[in-house]
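> What follows is each chain in one-letter form.
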Amino acid sequence: QKEVEQDPGPLSVPEGAIVSLNCTYSNSAFQYFMWYRQYSRKGPELLMYTYSSGNKEDGRFTAQVDKSSKYISLFIRDSQPSDSATYLCAMTADSWGKFQFGAGTQVVVTP
Amino acid sequence: DTAVSQTPKYLVTQMGNDKSIKCEQNLGHDTMYWYKQDSKKFLKIMFSYNNKELIINETVPNRFSPKSPDKAHLNLHINSLELGDSAVYFCASSPLTSGASSSYEQYFGPGTRLTVT
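Taken in sequence, the protein lines are chains S and Z.
Each residue of the first sequence is one higher than the one before, counting from 1 in our numbering.
Each residue of the second sequence is one higher than the one before, counting from 1001 in our numbering.
Hints were generated in silico from the structure; no laboratory data involved.
There may be inaccurate statements among the hints.
Unchecked claim - With a cut-off of at most 20 Å between alpha-carbon atoms, the simulated SDA-like pairs for lysine to any residue come out as follows:
#, chain 1, residue 1, chain 2, residue 2
1, Z, Lys-1040, S, Thr-50
2, Z, Lys-1044, S, Ser-26
3, Z, Lys-1041, S, Ser-95
4, S, Lys-98, Z, Lys-1067
5, Z, Lys-1040, S, Ser-95
6, Z, Lys-1041, S, Lys-56
7, Z, Lys-1041, S, Asp-7
8, Z, Lys-1044, S, Gln-106
9, Z, Lys-1052, S, Lys-42
10, S, Lys-98, Z, Thr-1115
11, S, Lys-42, Z, Ile-1055
12, S, Lys-42, Z, Ser-1103
13, S, Lys-56, Z, Lys-1009
14, Z, Lys-1044, S, Asn-55
15, S, Lys-42, Z, Arg-1113
16, S, Lys-98, Z, Lys-1009
17, S, Lys-2, Z, Lys-1041
18, S, Lys-42, Z, Pro-1110
19, Z, Lys-1041, S, Trp-96
20, S, Lys-42, Z, Asp-1030
21, Z, Lys-1067, S, Lys-42
22, Z, Lys-1041, S, Pro-8
23, Z, Lys-1036, S, Val-108
24, S, Lys-42, Z, Thr-1115
25, S, Lys-98, Z, Asp-1030
26, S, Lys-42, Z, Lys-1009
27, S, Lys-98, Z, Ser-1020
28, S, Lys-56, Z, Lys-1040
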């Protein structure tokens, strides 16, 4: 069993809808969490970075961490076709930032 | 200005050759990483350096050797390339300054697509 599980998708939503992404993990020591967006043939772009449990909002993006359930989520409001990409979650308990990545969820936002 | 840059962007080479990939960051960060992304898009950490010192060394064949001439540069040298080394290699940097710091976010470069034939 992988330490970080993420549904590969594809997840198809109409423009304007809310995109809901999530990852589950098995290591209860994880406490730093990141979400990345990766366009095809590009490097991952950092979207959100959170520490421990709780919510964090940045523009159209909201990240949630539920450590008791070992579950993290990313919500994208008012989705646009330009949000079509692969979204990667990453997390670590390591003091030197050895992050474990999910396999990524492909999102397609249709006009 | 590009924050994390890598050269070359594409690398096509034959089995058995030796090649290097270079990475530079202008963010003033102390920590840099090398990742490998396979054909299934799975990102796996290989190495990390903090201020020129190796701090993460995952289970990677010893044909892979990282070198950090200064904290803004982290290069990856690969000896005796094999077909299975074909992947996209990403460099990343982080403001992480010590094991006690809370600044864990990582910024990635554009990647180097390595094809071994």
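> Indicate, hint by hint, whether the structure satisfies it.
Against the structure, the hints:
1. Lys-1040(Z) to Thr-50(S): Distance ~26 Å between Lys-1040(Z) and Thr-50(S) Cα, so the pair is violated.
2. Lys-1044(Z) to Ser-26(S): holds (17 Å)
3. Lys-1041(Z) to Ser-95(S): Answer violated: Lys-1041(Z) to Ser-95(S) is near 25 Å, above 20 Å.
4. Lys-98(S) to Lys-1067(Z): Measuring from Cα to Cα gives roughly 18 Å; hence the hint holds.
5. Lys-1040(Z) to Ser-95(S): violated (28 Å)
6. Lys-1041(Z) to Lys-56(S): violated (26 Å)
7. Lys-1041(Z) to Asp-7(S): Given that 20 Å is the threshold and the Cα spacing comes to 13 Å, the pair holds.
8. Lys-1044(Z) to Gln-106(S): holds (18 Å)
9. Lys-1052(Z) to Lys-42(S): violated (27 Å)
10. Lys-98(S) to Thr-1115(Z): violated (26 Å)
11. Lys-42(S) to Ile-1055(Z): violated (27 Å)
12. Lys-42(S) to Ser-1103(Z): violated (24 Å)
13. Lys-56(S) to Lys-1009(Z): Roughly 34 Å separates the two Cα atoms, so the pair is violated.
14. Lys-1044(Z) to Asn-55(S): violated (27 Å)
15. Lys-42(S) to Arg-1113(Z): Holds. Lys-42(S) to Arg-1113(Z) sits at ~10 Å (cutoff 20 Å).
16. Lys-98(S) to Lys-1009(Z): violated (25 Å)
17. Lys-2(S) to Lys-1041(Z): holds (15 Å)
18. Lys-42(S) to Pro-1110(Z): Judged against 20 Å, a Cα distance of about 5 Å means the pair holds.
19. Lys-1041(Z) to Trp-96(S): violated (23 Å)
20. Lys-42(S) to Asp-1030(Z): violated (24 Å)
21. Lys-1067(Z) to Lys-42(S): Roughly 24 Å separates the two Cα atoms, so the pair is violated.
22. Lys-1041(Z) to Pro-8(S): Within the cut-off at roughly 10 Å; holds.
23. Lys-1036(Z) to Val-108(S): Judged against 20 Å, a Cα distance of about 25 Å means the pair is violated.
24. Lys-42(S) to Thr-1115(Z): This hinted pair holds, its Cα atoms lying about 16 Å apart.
25. Lys-98(S) to Asp-1030(Z): holds (15 Å)
26. Lys-42(S) to Lys-1009(Z): holds (10 Å)
27. Lys-98(S) to Ser-1020(Z): violated (23 Å)
28. Lys-56(S) to Lys-1040(Z): violated (29 Å)
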